[in-house]
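Student: Residue strings, one per chain:
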Amino acid sequence: MKISIRDAGAAKVVEIEGDVDLGTSPDLRRTLFENLLLAPKLALNLAAIRYIDSSGIATLIEVLKDSQRRNKEFVLFGLSPAVQQVFRLTHVIRIFQVFQTEEEALGSA
Amino acid sequence: MKISIRDAGAAKVVEIEGDVDLGTSPDLRRTLFENLLLAPKLALNLAAIRYIDSSGIATLIEVLKDSQRRNKEFVLFGLSPAVQQVFRLTHVIRIFQVFQTEEEALGSA
Amino acid sequence: MAGPKLSLKFVMPSDPRYLPVVRGAIGPLAAAIGWGESDCLAITLALDEALANIIRHAYHSRADGLIELECSESADGLEVALLDKGEAPDRTKICARAVACDQPGGLGTHIIKDVMDTVSYQATPAGNRFVATKRLRKTI
Amino acid sequence: MAGPKLSLKFVMPSDPRYLPVVRGAIGPLAAAIGWGESDCLAITLALDEALANIIRHAYHSRADGLIELECSESADGLEVALLDKGEAPDRTKICARAVACDQPGGLGTHIIKDVMDTVSYQATPAGNRFVATKRLRKTI
Ligand SMILES: Nc1ncnc2c1ncn2[C@@H]1O[C@H](COP(=O)(O)OP(=O)(O)O)[C@@H](O)[C@H]1O
Ligand SMILES: Nc1ncnc2c1ncn2[C@@H]1O[C@H](COP(=O)(O)OP(=O)(O)O)[C@@H](O)[C@H]1O
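Protein chains in written order, with our numbering: chain W, 1 to 109; chain F, 1001 to 1109; chain A, 2001 to 2140; chain X, 3001 to 3140.
Just chain W, with the same shape it has in the complex (with noise of 0.2 Å):
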């Protein structure tokens, strides 16, 4: 898994590429909490994930109500078939802001 962030304005886009899974979330639920105090919002595209189980599921979660918490947005962008087919396995999709495409993502604030 490979994480890369910039800033879109006052968000901050984060982009994650490969496979989110039991080895490699606590990387990825790292960097999210730490760039959610950086920012207002965080716009997660998940475009070029292979593959994600639940513990990359339940990573988002937390973001999501840490970001709650905290009045900030969290938002996702670019699921990609599989990405889309874990969060219907795992019935959350609903609890989370997603949207097409990153300038949609960015829109929505």
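Hint data in this document are derived by calculation from the structure and do not stem from the laboratory.
Hints are not guaranteed to be accurate.
Within a straight-line C-alpha distance of at most 27 Å, the following computed DSS-like cross-link-like pairs (lysine-lysine) qualify [claimed, not checked]: (1) X:Lys3093 with F:Lys1065; (2) F:Lys1012 with F:Lys1002; (3) A:Lys2085 with X:Lys3093; (4) X:Lys3093 with A:Lys2005; (5) X:Lys3005 with A:Lys2009; (6) A:Lys2085 with X:Lys3005; (7) X:Lys3085 with A:Lys2009; (8) A:Lys2093 with W:Lys65; (9) A:Lys2009 with X:Lys3009.
Quick look at which bits of chain F chain X covers, simulated, 3 or more residues with Cβ under 8 Å [unchecked claim]: (10) 1015-1022; (11) 1040-1054.
Cβ atoms here follow ideal geometry from the backbone N, Cα and C, with glycine treated the same way.
Keeping the supplied structure of chain W fixed, place chains F, A and X with the ligands upon it in accordance with the hints.
Tutor: Below, chains F, A and X with the ligands without anything else, positioned relative to chain W:
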């Protein structure tokens, strides 16, 4: 492995997706030999190949030789890094005409 | 074809860095048996979750526990069996969490049950045994 | 970590449709051992070529022969061993073809030898045994 074929002027463009191996290369071989009869030029797009083994490389060599016998053109384009590495390991890259883009591949006649 | 059926056996440490090896094999195995792309992903996920549970719960995230995995093509589909020598699961916690809620946890055992046709957890003299099967016909 | 080392054992029919299963496992295994992307591909290719040779030459493309594959992480890299019950290889044909020529054939055994550090073909009572190893240090 998926194969799709379309016309581009007098030439035919063949696109292969997925893995070319002992199981799938006979299909590729048949398709290429058939289409070589139908056009003066075949351009093979290798960009979506994830894997190719020596039976795939051998297939390409056979088609190249057949094209030369028939005074036709057989060119390759869009070699992914994985494909390039297998070409290197098999030391056969020099016998093929290789282009970056479809445009260049079709312009070579 | 009356020849041998495919079977795989992995002997692996309870280290998450080996999970991609199992995932790499199980998806193509499911495809070779006959499942489509989305079932292959679901099966991969289910097995990965079962392994992750052994690492986290049976071995409490120690990386040096022993896990044995066997996958085989059966007459009507796929069978996977896992064995570990760690702490036995507390049966009352398996699929105990309600689904469709927003808690970050308790998802794994539901995924396994949803994806596979049969799932069992057994205590044996050799260790904790997990067996799951899936028939080719069923679409999830 | 003093725990078990990873080892895989596949029992498979000599059917090309199972080759993706082996490739799916060996690439991530090489990555877990420590090789970079290009070495992982080379190792995958070498093992795939060794299997393809067994299918084509030892079993003459019959799909119901038995192949046993064992891959294990060794102290300094990777060891793969293959066993088949088909026709034994003619040693004089292995790496017999000149490289860098334009013949469609004779490539597989060269790839195997180029990629791996040691390669051996043995006749044993159990069948034809192929063993190849690669140390982590060597870059190809
Ligand atoms: N292989 C296992 N060994 C021991 N305990 C297990 C195992 N699998 C599941 N459990 C128990 O079942 C519970 C639910 O597991 P799961 O649904 O995967 O969610 P989570 O792992 O997030 O708790 C775990 O918290 C654990 O107590
Ligand atoms: N596992 C094997 N069993 C039997 N014969 C083999 C085996 N591997 C290689 N050979 C022999 O070595 C020759 C060269 O193999 P290779 O370099 O892979 O090229 P090709 O398979 O295209 O002939 C084969 O033609 C075959 O005679």
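Student: Identify every previously stated hint that the structure contradicts and give their numbers, smallest first.
Tutor: Going through the list in order, the structure violates hints 3, 4 and respects the others.
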